[in-house]
Amino acid sequence: MKETKKILEYDALVVGGGIAGGESALNLANLGYKVLLVEKDLTIGGKMIMLSKVFPTLDCAACITTPKVSEIARHQNITIFTGAEVKRINKLGEHRFEVDVLQKPRYVNVADCTGCQMCEEVCPVSVSDEYQYGMVGRKAAYIPFSIASPRAAAIDIENCTLCGACERACPTKCIDFTQTEEEFLVKAKSVVVATGFNLFDPLKIPRYGYGSQKNIITSMQMERQLAPTRPFNTILRPGDGKMPDNIAYVLCTGSRDKSVGNPICSQVCCMYSIKQAQLLMGALPMADITIYYLHIRAFGKGFNEFYAQAQDMGVEFIKGKVGKITEKENGNLILRYEDIEAGVVKEAEHDMVVLSVGILPNQGISDVFENEKLELDPFNFVQQSDMLASPAKTSIEGVFVAGTASGPMDIPDSILSGGAASAETTSYLRRETV
Amino acid sequence: MEIEKGKTAKYLKEKRPVPKEVTEQLKSFTKTKKAMLEALKEEHKTVPELAIELNMPKDEVVYQLMSLMKYGLIEPDGIDDMDEYFYYKIKENGKN
Numbered sequence: 016m017k018e019t020k021k022i023l024e025y026d027a028l029v030v031g032g033g034i035a036g037g038e039s040a041l042n043l044a045n046l047g048y049k050v051l052l053v054e055k056d057l058t059i060g061g062k063m064i065m066l067s068k069v070f071p072t073l074d075c076a077a078c079i080t081t082p083k084v085s086e087i088a089r090h091q092n093i094t095i096f097t098g099a100e101v102k103r104i105n106k107l108g109e110h111r112f113e114v115d116v117l118q119k120p121r122y123v124n125v126a127d128c129t130g131c132q133m134c135e136e137v138c139p140v141s142v143s144d145e146y147q148y149g150m151v152g153r154k155a156a157y158i159p160f161s162i163a164s165p166r167a168a169a170i171d172i173e174n175c176t177l178c179g180a181c182e183r184a185c186p187t188k189c190i191d192f193t194q195t196e197e198e199f200l201v202k203a204k205s206v207v208v209a210t211g212f213n214l215f216d217p218l219k220i221p222r223y224g225y226g227s228q229k230n231i232i233t234s235m236q237m238e239r240q241l242a243p244t245r246p247f248n249t250i251l252r253p254g255d256g257k258m259p260d261n262i263a264y265v266l267c268t269g270s271r272d273k274s275v276g277n278p279i280c281s282q283v284c285c286m287y288s289i290k291q292a293q294l295l296m297g298a299l300p301m302a303d304i305t306i307y308y309l310h311i312r313a314f315g316k317g318f319n320e321f322y323a324q325a326q327d328m329g330v331e332f333i334k335g336k337v338g339k340i341t342e343k344e345n346g347n348l349i350l351r352y353e354d355i356e357a358g359v360v361k362e363a364e365h366d367m368v369v370l371s372v373g374i375l376p377n378q379g380i381s382d383v384f385e386n387e388k389l390e391l392d393p394f395n396f397v398q399q400s401d402m403l404a405s406p407a408k409t410s411i412e413g414v415f416v417a418g419t420a421s422g423p424m425d426i427p428d429s430i431l432s433g434g435a436a437s438a439e440t441t442s443y444l445r446r447e448t449v
Numbered sequence: 282m283e284i285e286k287g288k289t290a291k292y293l294k295e296k297r298p299v300p301k302e303v304t305e306q307l308k309s310f311t312k313t314k315k316a317m318l319e320a321l322k323e324e325h326k327t328v329p330e331l332a333i334e335l336n337m338p339k340d341e342v343v344y345q346l347m348s349l350m351k352y353g354l355i356e357p358d359g360i361d362d363m364d365e366y367f368y369y370k371i372k373e374n375g376k377n
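The listed protein sequences derive, respectively, from chains Z and R.
Quick note on the numbering used here: the first sequence kicks off at 16 and runs consecutively.
Quick note on the numbering used here: the second sequence kicks off at 282 and runs consecutively.
Mixed in with the good hints, there may be bad ones.
Unchecked claim - DSSO-like, lysine-lysine: derived pairs with alpha carbons at most 30 Å apart:
id, chain 1, residue 1, chain 2, residue 2
1, Z, 188, R, 370
2, Z, 55, R, 351
3, R, 294, Z, 20
It should be emphasised that the hints constitute simulated quantities derived from the structure, not laboratory data.
Sequences are here, hints too, so could you generate the full structure?
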């Protein structure tokens, strides 16, 4: 007998629970629309919730994100599926979308989990923690991170030994290994695509030595080291646990680089590197920080002042293109670079290198549209069909785009974009009732 | 069949045997954990000191040591004279 899918009905389906998708969902819900928010990760909050602080105000990222995430999670008009995927979207007509959603098993009844972490304590397994970008381990029974939403455990079934220790320790008996995948048929009147971005993988530039040279990390790994929920007790070199005192940033790693297939500027790397440099000078007062850049793009409100502030604090800026990074026996790194202003090739030694990785499109969403094509731009971000007059509009009427799904942008612009998407979705939904 | 709440792992185990690499990985972690805790039993040590004693690459020591710190078994215990490397010790009241 064929199992029938559960049918759900909503005014809007928001795909992606990052800051842009969350903003769209919240605005729509506040106007009385019923919203389904589908997030593939185990928690909402996207990449912003993982950051240390935001530029140029140096406000705590978690302090901004968590109240918003909490409001989204508790809103009576928003239903959230975490650990779920949109498999197919079919437009049957105006205000009529049919969507297949696959809910993967978490092996924990979220409603009953108190987040006590007793399962985590007794779990004997240790595997690489993706939420700390591989710098430390996590258990197979785990809460993704302390401010995750929902703050509930999950079982990493691929790495679980099924020893049952978590079940025995759980005071509410919320762990359930009999859970299976669930399929839903969602009938929605509109769709917001807020699927965010991917970070450039620096393994694609072998001459930089990421992966083989352990004291080279990505900007997201440094972001985690600077965050209150950091993996180490302080800022350390992953190669040997030494406190670094001479750190280099290599800007435009995987951005503005045709050779790696990403010719465009990622818009945020200059500013997040300057932010991290300032935070490092606070965390390691004796450290020297050098930023190797092509151009500093400080285009936003307060950005240039923020850049000047970093210079005043003593951050060294070198207009230079790094060609190669090699490792010395003591773990220090030699950067061979072209000093653009002097027009000569130079070498400099640092004890840690941070690669400021760029933003890439998260392309999968265009494949789930079945009978209409969600057009992508030449760089594979979602095409804004009327960028100036109607920035959230896509090639499909009733499907809107929010945040970095449409291109690289910073947090305030992502929130603005989420707001624009909700406004245009509202306008579209109102047309049904007129 | 009635499912016994709190003892459901056995049902999945019947359907889906645990892959060999998962059990091997567990054995490897347990061995490293024991060796590391043994090495820190008498006195606090830095990452390079542990790497020599355990004959383990320094980056692997950092990863495992920081994981054990996260799991509440180890804690930092001051920094060396050159202000370069932290000492780590077994956490008092750490669950082992």
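30 Å Cα cutoff - pair residue 188/Z, residue 370/R: Violated - the C-alpha atoms of residue 370/R and residue 188/Z are around 35 Å apart, more than 30 Å.
Distance restraint between residue 294/R and residue 20/Z, which requires alpha-carbon spacing of 30 Å or less: 27 Å, holds
Hint consistency between residue 55/Z and residue 351/R [alpha-carbon to alpha-carbon, up to 30 Å]: Judged against 30 Å, a Cα distance of about 26 Å means the pair holds.
Of the numbered hints listed earlier, the single one contradicted by the structure is hint 1.
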